[in-house]
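Undergrad: The sequence shown begins at 818 in my numbering and counts up by one.
Keep in mind the hints are simulated off the structure, nothing from the lab.
One or more hints might be untrue.
Here are the simulated lysine-lysine pairs, DSSO-like style, with alpha carbons at most 27 Å apart [unchecked claim]: (1) K1176 x K1213; (2) K1176 x K1035; (3) K1006 x K1035.
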Amino acid sequence: MRKPLVLLAVAVSSIALAGCGGSSGSGAVASTPTPSPAPAPTNSSITGLVANQTFSTDAGTSNVAIDLTSRTTGTATSSGATISVAYDAAAHSYTVTSSGRSATFVPADVVSSGSGETRYARTSSNPRDYLTVVTTPYTGTTSNRYVAMGYWQRNDVSGNNQSTSFDAFTFGLDTPATSVPRTGSASWKTDVFGLYTVPGQTPRTIQGNGDFTVNFAKALFTTTTSVTQYDFLTGASIIGGGVSVVAQGTIGSGNGFSGNLSYGGTGGAVAGTINGRFYGPNGEEIGAAFHADNAAGATLNGALTGQRNPVTTPTNFTIDSISSDQMFYSPWTVLTETINIAGTNFLVQGQLTGQTVLKADGSFTISPPTSNMPSLTFTAADRIADTRTNFASYQKTFNGAPVRVDLYRPSGSSGAIALTYAGFGNWARTAPDGADNQTINGYFAYGFATPRDLLARRTGTGTYDGVAIGTAGAANGARYDVGGTSHFDVDFSNQHYSGSLTLNATPEGGGTAAALGAWQFGAGIGYGQLASATLTNGGATSFNNSISPQLYGPDGEEIVAPFTIAAGASLNGQNLTIAGVAAAKRH
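The whole structure should be built from the sequences, with the hints applied where relevant.
TA: Okay, here's the thing in structure tokens:
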């Protein structure tokens, strides 16, 4: 990887941002168009521009106040930007225009060119403008053919204060919308560069390479880039700066894509959005820009380009399309019934963690959270008659006792919801335990959980509705199947959510359902995640009256929430203990 340069331009008493190397083939030198009557030239390569062209871009901008005495950031903001890049073939110049700003860079402004990077500087007056055009990835040696990364910096110096606008963008020869694949999968090797700022600290750049994978049939993408932070002034790498930029989102109907992004920077995690598009005749390359921030004032603004990998990285996106074995950490709740000479006792446990593995051959492994619950793999040969509506049932024997697993697979019946990113199920077994007899019902969730911090800066609200299932036990030994509905109101802007479960209970052997009422809950949102909350119906409660919702999907489209109730529920004069799981989908 080309190393960062020292980023303090002493001669002009201002801080100027630079990347990790220089570039030939940036488009700064172009051939003269063929004179008439030959056909007018058109651009077919980003490194050999031969015709005038104004490029559309994906862009982000940062506005940063820098104290030149301490060399630290004061305040900073980041946001999306609208930038145009116009190339003049006769003048071999670039004109970069944003809202209220414009600058033209000509060959006389070039200060360095080589290794796939050209740098321009206009420093004869204040404010000072710098443009860098990158066509060979900083983390690679093969030039892009269709897309370039650019960043434009304007420094306005007044005394010991510098106001810097920094725009990162990608531009080039777009893929026609009709040529973007709509089936299959593909991946690209990515190259990332950006500016990361934290109030009171020296500004920093980030650089690294990663992988960008698309499932065209599902119109979904995911990307992870391991980046290193570098000091903005000295170019030295920052210890502890090797963390990842993570983004997930959707492919549009045209040639673009967009989604959510997070970065766990050393000065505080930031979150925001990413927007990009495909480049080349058939999407051979990609380019995107991103911006992110946090409530403490840290900001990130940058861009990435990518070249198609010859072999697609195996990646799963949805639970109904597993092409390679996928392991999920699964939250559980467990209801244990123990029968001995002293009578019947029900114990409920929540906030446990197990594992679920979905395999490419259609089998799956359930690894429960406690040692008295065996881990087993189930195949099509273990399928039995379904024991619950909208569930597929599997059973096999372990140490002489049957173990049954019911996975939620809705059949389209009334009240069912179709989940894309998440699943849930029930694990059940009755077996001797020494002198006792135990029946265990465990409820678990699994799936593509929304990564931590990804939605930390998301705004707006979401309404989710769905189902709830569970098992209840009474002190007299009666057992019930619990069903019902779930509702969640999530306020991302104010970082809070609330909701309710409306539950009913039906005797396990069959009978009439009885209402268990509405159970309310609410809590905050932290790091883009929903915190656990207390369940209450307005009566008695317990620390075991708890619900633990988890968002699933690239934009938190789904929620699955294991829950427990140890107090406040009763039926036929008997107190009930309940373990279950709720699932809901945003609409």
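Undergrad: Would you pick out the hints that fail for this structure and give their numbers low to high?
TA: none
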